[in-house]
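Novice: Sequence:
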Amino acid sequence: MAITFKEVAKLAGVSTQTVSRVTNGSDNVAEETRKRVNDAIKKLGYVPNKGAQMLSRAKSRLIGIISLDISLHGVALIANGVRNQAHEMGYATALTVLGDNSVEEFRRAIRELMAQQVDAVVINAPLTKEVAEGFVEQFNRLTFVFIDVPHGSVVNQVSCDHKTGASLAARHLIEQKRESFICISGPKDSTASVIRYDQWQADIRAHNCKEVAYYEGDWQAASGCTAIKNAIQTGVSFDAVLVANDQMALGVLCALAEAGIKVPASVSVVGFDGIQDSLYFSPRLTTIKQDFNELGRKAVKLVLNQMASESAPTTEILPVHLITRDSTAEKVITLYDKQEVLAQLDHIRSLLP
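Residue numbers (our numbering): 89 to 441.
In short, the hints are calculated from the structure, not lab data.
Mixed in with the good hints there might be a few duds.
Listed below are the simulated DSS-like cross-link pairs for lysine-lysine, each with C-alpha atoms no more than 30 Å apart in a straight line [claimed, not checked]:
(1) Lys389 <-> Lys276
(2) Lys350 <-> Lys377
(3) Lys217 <-> Lys317
(4) Lys389 <-> Lys317
(5) Lys251 <-> Lys377
(6) Lys217 <-> Lys265
(7) Lys131 <-> Lys217
(8) Lys123 <-> Lys265
(9) Lys265 <-> Lys98
(10) Lys217 <-> Lys276
(11) Lys298 <-> Lys419
(12) Lys350 <-> Lys251
(13) Lys350 <-> Lys265
(14) Lys217 <-> Lys251
(15) Lys265 <-> Lys276
(16) Lys419 <-> Lys389
(17) Lys317 <-> Lys350
(18) Lys389 <-> Lys350
(19) Lys123 <-> Lys94
(20) Lys265 <-> Lys298
(21) Lys276 <-> Lys317
(22) Lys377 <-> Lys276
(23) Lys265 <-> Lys377
(24) Lys251 <-> Lys298
(25) Lys131 <-> Lys350
Derived CB-CB ranges, DEER-like [what the hints assert, rightly or not]:
(26) Ala294 <-> Leu183: 17 to 27 Å
(27) Arg293 <-> Ser354: 22 to 32 Å
(28) Arg196 <-> Lys98: 15 to 25 Å
(29) Val219 <-> Thr402: 28 to 38 Å
Model, not experiment: these values are computed from the prediction.
Glycine is no exception: its CB is placed at the ideal position from the N, C-alpha and C atoms.
Could you put the whole structure together from the sequences, leaning on the hints where they help?
Specialist: Here you go:
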């Protein structure tokens with residue numbers, strides 16, 4: 089026999105209206121009350137959306153996407169992968185782009201999609217473990233999958249193997265005898281960015297190399313350009329640059345070219361993403377390839393499977409690989425003392441009439 093609102097309300101010691109507010113994700117509920125209601129729901133096995141609700145209305149066959157600014161190359165490709173896979177599986181998509189990364193903005197986006205009666209939501213924006221798990225609890229009528237949350241979060245999540253990718257990039261430069269690294273990460277609120285930077289540091293330390301400067305970028309080319317210009321202006325000596333995405337790497341190459349620093353003769357540069365345009369950078373960019381389209385497709389498959397099975401939260405990690413191109417090369421070790429040569433040239437000039 090199906091569990092009713094009244095039974096949940098009785099066990100939680102609240103009204104049926106309160107149960108309704110909790111299952112609809114309303115903010116107008118005390119956290120202690122919300123917890124009691126959700127505990128009662130779990131204990132009784134009440135299914136607000138995936139069972140009883142589906143008997144009362146036809147499924148919308150609509151998947152919601154909550155996304156960062158889609159002007160970012162990778163973000164747009166992920167959204168396209170979601171849309172294509174959803175279409176192949178008989179679903180339409182509804183896209184909401186975040187104005188900022190505040191919790192209130194996320195809640196607004198979720199409610200906007202709920203008003204369109206979406207069956208599931210793919211969130212491609214950085215969230216903390218606590219906030220992601222809180223959304224799953226608060227909006228328990230929906231099935232979520234997250235693309236940028238910390239590992240260990242008790243939520244459905246899919247991502248690329250950022251740790252392996254970062255290690256491939258750092259070790260590639262180390263094998264080419266590069267020693268002095270500038271690291272340019274993405275925003276610190278991004279789990280993907282943090283994993284990449286942490287792994288760069290680990291490999292640099294493990295091989296007795298040096299991180300001579302660190303900059304936090306915003307995924308856009310301009311931030312990569314600004315970082316390198318700052319390093320040059322402040323007299324940082326470096327022979328390698330690790331960059332957390334290809335768009336920022338484009339800015340790095342631009343700044344180095346403007347400064348007359350040759351790539352890869354003087355400095356090697358590695359990006360991350362493997363976007364198609366990186367093949368046409370000057371020089372062609374060495375990068376870590378992640379499949380954005382497959383990431384979006386995998387998110388759809390995972391969230392629909394979870395809708396059907398209601399199993400425990402699942403984590404899937406997609407492989408990456410290194411693409412070696414013209415922006416990296418083995419460092420040439422000179423067999424002479426540059427300062428001594430310059431001193432000798434000055435001495436020769438002094439002897440000339």
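Novice: Hints first: check each against the structure and report whether it holds.
Specialist: Status of the hints after comparison with the structure:
no., hint, verdict
1, Lys389 <-> Lys276, "29 Å, holds"
2, Lys350 <-> Lys377, "24 Å, holds"
3, Lys217 <-> Lys317, "35 Å, violated"
4, Lys389 <-> Lys317, "43 Å, violated"
5, Lys251 <-> Lys377, "13 Å, holds"
6, Lys217 <-> Lys265, "38 Å, violated"
7, Lys131 <-> Lys217, "24 Å, holds"
8, Lys123 <-> Lys265, "56 Å, violated"
9, Lys265 <-> Lys98, "69 Å, violated"
10, Lys217 <-> Lys276, "14 Å, holds"
11, Lys298 <-> Lys419, "15 Å, holds"
12, Lys350 <-> Lys251, "29 Å, holds"
13, Lys350 <-> Lys265, "17 Å, holds"
14, Lys217 <-> Lys251, "18 Å, holds"
15, Lys265 <-> Lys276, "29 Å, holds"
16, Lys419 <-> Lys389, "45 Å, violated"
17, Lys317 <-> Lys350, "15 Å, holds"
18, Lys389 <-> Lys350, "45 Å, violated"
19, Lys123 <-> Lys94, "17 Å, holds"
20, Lys265 <-> Lys298, "12 Å, holds"
21, Lys276 <-> Lys317, "21 Å, holds"
22, Lys377 <-> Lys276, "21 Å, holds"
23, Lys265 <-> Lys377, "23 Å, holds"
24, Lys251 <-> Lys298, "19 Å, holds"
25, Lys131 <-> Lys350, "65 Å, violated"
26, Ala294 <-> Leu183: 17 to 27 Å, "42 Å, violated"
27, Arg293 <-> Ser354: 22 to 32 Å, "24 Å, holds"
28, Arg196 <-> Lys98: 15 to 25 Å, "33 Å, violated"
29, Val219 <-> Thr402: 28 to 38 Å, "19 Å, violated"
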